[in-house]
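Participant: In case you want the letters, here they are:
There are 2 protein chains.
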Amino acid sequence: MSCKTILAKEISASYREELKKTIKSREIKPKLVGFLANEDPAAIKYAKFTSKTCEETGIIFELRKCNREELEDQIAKANEDDGIHGIIVYYPVFKNHRDQYLQNTVRSSKDVEGLHNIQFPIKNYIIPCTPLAIVKVLKYIKVYNPVLSHGNRLYGRVITIINRSEIVGRPLAALLANDGGKVYSVDINNIQVFYRGTGLKLKKHEVQDTNLKLEEILPISDVLITGVPTPSYKVPTVLLRDGVVAINFSAFKNFEDNIKEKASIYIPTIGKVTIAMLERNLLRLYDYQLKVN
Amino acid sequence: MSCKTILAKEISASYREELKKTIKSREIKPKLVGFLANEDPAAIKYAKFTSKTCEETGIIFELRKCNREELEDQIAKANEDDGIHGIIVYYPVFKNHRDQYLQNTVRSSKDVEGLHNIQFPIKNYIIPCTPLAIVKVLKYIKVYNPVLSHGNRLYGRVITIINRSEIVGRPLAALLANDGGKVYSVDINNIQVFYRGTGLKLKKHEVQDTNLKLEEILPISDVLITGVPTPSYKVPTVLLRDGVVAINFSAFKNFEDNIKEKASIYIPTIGKVTIAMLERNLLRLYDYQLKVN
Chain A
4 MSCKTILAKE
14 ISASYREELK
24 KTIKSREIKP
34 KLVGFLANED
44 PAAIKYAKFT
54 SKTCEETGII
64 FELRKCNREE
74 LEDQIAKANE
84 DDGIHGIIVY
94 YPVFKNHRDQ
104 YLQNTVRSSK
114 DVEGLHNIQF
124 PIKNYIIPCT
134 PLAIVKVLKY
144 IKVYNPVLSH
154 GNRLYGRVIT
164 IINRSEIVGR
174 PLAALLANDG
184 GKVYSVDINN
194 IQVFYRGTGL
204 KLKKHEVQDT
214 NLKLEEILPI
224 SDVLITGVPT
234 PSYKVPTVLL
244 RDGVVAINFS
254 AFKNFEDNIK
264 EKASIYIPTI
274 GKVTIAMLER
284 NLLRLYDYQL
294 KVN
Chain B
4 MSCKTILAKE
14 ISASYREELK
24 KTIKSREIKP
34 KLVGFLANED
44 PAAIKYAKFT
54 SKTCEETGII
64 FELRKCNREE
74 LEDQIAKANE
84 DDGIHGIIVY
94 YPVFKNHRDQ
104 YLQNTVRSSK
114 DVEGLHNIQF
124 PIKNYIIPCT
134 PLAIVKVLKY
144 IKVYNPVLSH
154 GNRLYGRVIT
164 IINRSEIVGR
174 PLAALLANDG
184 GKVYSVDINN
194 IQVFYRGTGL
204 KLKKHEVQDT
214 NLKLEEILPI
224 SDVLITGVPT
234 PSYKVPTVLL
244 RDGVVAINFS
254 AFKNFEDNIK
264 EKASIYIPTI
274 GKVTIAMLER
284 NLLRLYDYQL
294 KVN
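Those sequence lines, one after another, are chains A and B.
When you number the first sequence by the working numbering, it's gap-free, plus one each residue, and the end is 296.
When you number the second sequence by the working numbering, it's gap-free, plus one each residue, and the end is 296.
Keep in mind the hints are simulated off the structure, nothing from the lab.
Where is the CB? At the ideal position from N, CA and C, for every residue including glycine.
Any given hint might turn out to be false.
Said to hold, decoys possible - Computed, partial: chain B to chain A, Cβ under 8 Å:
| # | residue |
| --- | --- |
| 1 | ILE144 |
| 2 | GLY246 |
| 3 | GLU264 |
Use the sequences and the hints to build the structure in full.
Facilitator: What follows is the structure, given as structure tokens:
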């Protein structure tokens, strides 16, 4: 088999070692609180996994379960508690606009996931964990070409992202397009192109609608990133470019079993890289709070 | 400008340093003889350049000019001379089948260019300089993805080569296809595909004719390598994929001036890398002769 399957564990290893070392040598005890206000199996799994990983890294993690109607008050309390350095809420909670409202109730200096006011993030401050994790994955597997200038390292790559959620798909498309990629962003309604134009003549990407269909985009995509939160959705391998880089960030497998017959690199999950970025963000917030308090 | 122009000098530097060090520390005096039997400006330039480079590296280089009718006898003499470790002939000489015949009169143990019996090269022994140089260029600029398994590192790359000469274009297409690339080989008569098939299911590449036209292949090529030996030939930039990697190995500029508006990486010449590979081959032959004599 020519396909190389790369596990998130391998990709996250160097970040996690770095984090452990820093926490140990500085003798600090950063604390993360997670709020679970649903029975979603993926959320529960993610919470358990955060707990296990934080323990290994030397981060204090406390899971607080509550009724979703109490959640806003609980977050407010945690915002005020100086002993808590970061807050994570396991979504979905209400599965509607109230979830976006909730994101903005987490104080930005404790918003470890970088979801606070995602449209206007503080520059270079906290980048949302999952998009950041995917950027790290793409760097690890050399889709970012280190020979090109910083900021242009995806120039020439065509990348399709099936997911345009406000917390992952959209910010990810923006990040990758700003780094020079031509990004097709797919959701259930339409397909958009995020791009800096031929020759990367624009400094920042523009977003345009396209009439191209998914079956026209997949055969020309060098990289395909999927995040469809349903077990039944599978990308048809037959439509993919031979040698595609296939990355799945959904809790469900969005690729068919035969993906390895056509991908050059397959990354079935990225969870461990996401948690490493969550931990990294927590440390940044810890230092920020030290400075301002 | 987003395009990164990379000069052969930069790419060849590490190889040349290595060669210099080896020659100095081993206190050896490898000798290369070059035969010039034409008035071709590109050949004369290449000969002068070989001379200058060899001097810098610590290789003895002797240029022998002769009438083309005497060339075969001159080569025969050099074959017998134990003081000569490598022979290079500056082509074209007759510009017909006699040039191919001449290639095979150079004794294989002195064939520094690797042109001897190119259809059946001794495995891992001497690879033709220019194709080898282009492979090194592609590795330097990370078109070879080091994350993939050795032998599959071009998997997913579509590469077009405009040149199917027996000494460069054809062996290059074979090398790149064997490393996993999908290679379109273009000459004046037709276009062929060198490929190991979907999923790289074949161990060695196969060659097939294609009905695709150049204007259909260029927009889907990640890498374009040109070697058309005429000053008038220019690839139309308008046909190229945005972010293409553009490499020219012709003595003439085969790209239009606006290539930098569309290429992510542009390599205008590769001569210095070719000479470094020539020198490397000479050292290999030197050692081979030490062993067998």
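Participant: Now look at each hint and say whether the structure bears it out.
Facilitator: Checked hints:
1. ILE144: Status holds, d = 5 Å.
2. GLY246: 2 Å, holds
3. GLU264: 5 Å, holds
When each numbered hint is compared with the structure, no violation occurs for any of them.
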